[in-house]
Amino acid sequence: MSADAEAPAERVPESGALFAYESRRRLRGSLALGVGMSLLGLLMVAFFPSVQASGADLEAYVESLPPAFAEAFGIEAFTTLGGFLAAELYAFGWVILLGLYVAYRAGGSVAGDVERGRMDLLLSTPVSRRRVVVESFASLLVPVAVVNAVAFLAVYAGTLAIDGSIPLLDLLAVHLLSVPYLLACGGIGLLLSVALRRRGLAERAALGAVFALFLVETVASSAGYDAVAALSPTAYYDPTAVLVHGEYAVGDAVLLSVATLLLVAASAAVFDRVDVR
Amino acid sequence: MTVIDCRQLTKYYGDVRGIDSLSLSVEAGESFGFLGPNGAGKTTTIRTLLGLQSPTDGTATLLGADIRNAAALRDARRRVGYLAADPGLDEDATGERLVRLYGRLRGDARSDELIDRFDVPVDRRVGEYSRGNRQKLAIVLAFMHEPDLVVMDEPTSGLDPLMQERFYEFLDAERERGVTLFVSSHVLSEVRRVCERIGIIRNGRFVTVESVADLLDRAGKRVHLRVAGEVDPADFAFDGVHDLSVGETTTFTLTGRYDALVDALDGYRIEELEVEEAPLEEVFVRFYDDAGTDPAEVSA
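Sequences listed follow chains A and B, in order. One point on numbering: in my numbering, the residue at position 16 of the first sequence is 16, and numbering is uninterrupted. One point on numbering: in my numbering, the residue at position 224 of the second sequence is 224, and numbering is uninterrupted.
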């Protein structure tokens, strides 16, 4: 190792070293999760023909749902493949499940390293605290990107197999637009992670915070408190709008990205000031 | 050059005292032992020096960098190695991947040599390592960038005696090269083996800072004596005799010069006389006894 890894003192710490290391550690779990979400997606796709067959009854059922409930789960158009997947796969699997997953992992990131003493060793190197926070967070791109890529391919292959019609661009967009949403959830988890610095606590707080924001958005938007609803990241990612109406809310994605940057910057600033313990 | 310079370094956790007004300087090339029972403030001092937590009061410099100046301290850490008591190595990573990561973070001038020397199974995952192998990997990570200062917290915990000796020999070689060592330990024999000067810490304050030689002088010599006939205790009532016990074998601790002992022995027919270095533990225990702390926490 010495021969090829020899780095003069001025060149260390190499930027991206921690990111590369953390990313590789996350790869296996991300692939497993990608396969899991793909199976969920394929299951939903496989269900669709029989759902469609029961057409009229289901429309009546959807009509009869309380509007708030229908909105919370993106139930608008069960009888189109896009509408069905938006409600059954993306509103649940992406907005809720993956949102919670990324927040949970972010919650465990810095706090976990602090708790088991790994942070002491990392920070005994000439690496800055900000860099540790930023590169740890950036490694969350791995599960976000891998799960989306794998599931996108699986769902697309599934729709071809059942001869379902779903615009390829819409399907691509629903995955791409989930990236800033999921990273924003990660940003919330990260801030809690540096603020609390106890792994279990930060993980639970991150889960609770993202889920609470989802509920707040659901309740507030159906009650007409749009300003309150606007506080939740879930307000800026709407699979139904993409898959039913073909609307890509790029502005919302930008907003989520800006919010994420602010959350990461705040996390770095907090971690710069606290005692690591 | 002063490598570590603590000036009234103080750290409280809320109302709980970690360390209080520690002042100390360690010069380049020196090996300093930081001795005290668990909870005395050793780890607090180290973590404050490394910038992991900020001092409540006072300050310190590490290789010239003020520990309150994050950027300066970060730069100084290029030349620092840290061997933590519990390094929190990633269980799922192989030793090799960790060596590569830390090589990219702090430089790697000789990891191969150290891996060979300490016989670390770097191709296996850390999760499969024994306690000793983890410690050996941590040693490689702490020394591979040829640091000028190495801070060690209980460095030989988990190492078997053979490996401990190999590590001490390695430390001797590092000292030859001029590396400064700062060794925190609750094991006296270790500090004695590695360090030339020690500070004894208790409840966050120094009880004493002095050279190992001075401390040993103060500890004195242990004398075992067997003579033909009876020993008269009055002959050994001179200054410098402690803990006299007269019997078939007479034993006592002697501090100061030998002349008085030689005079006292005049007239006895000596069958056996053994003079050996008193165990440092005794001095150490004296410090703790004075302070009313349980010496049982300190082991040899």
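Keep in mind that the hints were calculated from the coordinates and are not lab data. For glycine and all other residues, C-beta sits at the position ideal for the given N, C-alpha and C. Possibly wrong hints are sitting among the right ones.
What the hints assert, rightly or not - Now the in silico label distances, taken between C-beta atoms and shown as ranges:
(1) B:17 <-> A:224: 51 to 57 angstroms
(2) A:227 <-> B:2: 56 to 62 angstroms
(3) A:204 <-> B:205: 38 to 44 angstroms
(4) A:172 <-> B:17: 22 to 28 angstroms
(5) B:116 <-> A:14: 23 to 29 angstroms
(6) B:17 <-> A:28: 52 to 58 angstroms
(7) A:14 <-> B:123: 56 to 62 angstroms
What the hints assert, rightly or not - Sample of chain B residues at the chain A side, in silico, Cβ under 10 angstroms:
(8) 17
(9) 85
(10) 280
(11) 281
To be verified - Quick look at which bits of chain A chain B covers, simulated, 3 or more residues with Cβ under 8 angstroms:
(12) 88-100
(13) 141-147
(14) 264-276
Outcome of the hint check:
1. Between residue 17 of chain B and residue 224 of chain A, the C-beta spacing of about 56 angstroms keeps the proposed range 51 to 57 angstroms intact.
2. At about 59 angstroms, the CB distance of residue 227 of chain A to residue 2 of chain B agrees with the hint of 56 to 62 angstroms.
3. The beta-carbon spacing between residue 204 of chain A and residue 205 of chain B, approximately 39 angstroms, falls within the hinted interval of 38 to 44 angstroms.
4. The supplied range of 22 to 28 angstroms is broken by residue 172 of chain A and residue 17 of chain B, whose beta-carbon atoms lie about 60 angstroms from each other.
5. Residue 116 of chain B and residue 14 of chain A have their C-beta atoms about 25 angstroms apart, which keeps the hinted 23 to 29 angstroms range intact.
6. At about 45 angstroms, the CB distance of residue 17 of chain B to residue 28 of chain A disagrees with the hint of 52 to 58 angstroms.
7. Distance hint check for residue 14 of chain A and residue 123 of chain B: the Cβ-Cβ separation is about 23 angstroms, which falls outside the suggested range of 56 to 62 angstroms.
8. For residue 17 of chain B, the shortest C-beta to C-beta distance to chain A is roughly 15 angstroms, which exceeds 10 angstroms, and the interface hint is violated.
9. Given hint, residue 85 of chain B at the interface with chain A, holds; its Cβ is 8 angstroms from that chain's nearest Cβ, closer than 10 angstroms.
10. Interface hint at residue 280 of chain B: violated, since its Cβ lies 30 angstroms from the closest Cβ of chain A, which is beyond the 10 angstroms cut-off.
11. Contact between residue 281 of chain B and chain A, as hinted, is not supported at the beta carbon level, the nearest pair being about 30 angstroms apart and thus beyond 10 angstroms.
12. For the region 88-100 of chain A, the proposed coverage by chain B is not satisfied: 0 residues have a C-beta within less than 8 angstroms of a C-beta in that chain, short of the threshold of three.
13. Against chain B, the region 141-147 of chain A contributes 0 residues with a C-beta closer than 8 angstroms to a partner C-beta. That does not satisfy the three-residue criterion, and the hint is violated.
14. With 3 residues having a beta carbon nearer than 8 angstroms to a beta carbon of chain B, the region 264-276 of chain A meets the requirement of three or more and the stated coverage holds.
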